[in-house]
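Peer 1: In the numbering used here, each residue carries its 1-based index in the sequence shown increased by 6.
Honestly, the hints are just simulated from the structure, not real lab data. Be a bit skeptical, because a hint or two may be false.
Below 27 Å or equal to it, Euclidean Cα-Cα: the simulated DSS-like pairs (lysine-lysine) are [said to hold, decoys possible]:
no., residue 1, residue 2
1, LYS36, LYS84
2, LYS15, LYS30
3, LYS15, LYS36
4, LYS84, LYS15
5, LYS84, LYS30
Source: prediction; values computed, not measured.
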Amino acid sequence: MDRATVEAKMTDLLVDELGLDRGKITMGAKFEEDLEVDSLGVVELLMALEDTFGVSIPDEEAESITTVGQAVDVVMEKLAG
7 MDRATVEAKM TDLLVDELGL DRGKITMGAK FEEDLEVDSL GVVELLMALE DTFGVSIPDE
67 EAESITTVGQ AVDVVMEKLA G
């Protein structure tokens, strides 16, 4: 799966799961500061990512994800194996 596909699916998840405005979602957007997603929302997103992409994101790794782009990076890394 290429990065553009992962980015598109990530955007769809943020809109569908968390009800975010598609126009505000950029790869540099910070979940808490820019998108106003609380820690519970981030956990929900990570669970949705794991289901959607069939990957597992350990808690220690999840704690370091603060932007949409970082979440895409982690998924890409997991998909690459």
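Peer 1: Evaluate each hint against the coordinates.
Peer 2: Comparing the hints with the structure gives:
1. LYS36 - LYS84: 21 Å, holds
2. LYS15 - LYS30: Roughly 15 Å between the alpha carbons, so the hint for LYS15 and LYS30 holds.
3. LYS15 - LYS36: 17 Å, holds
4. LYS84 - LYS15: Since the Cα atoms of LYS84 and LYS15 sit roughly 15 Å apart, the hinted pair holds (cutoff 27 Å).
5. LYS84 - LYS30: 26 Å, holds
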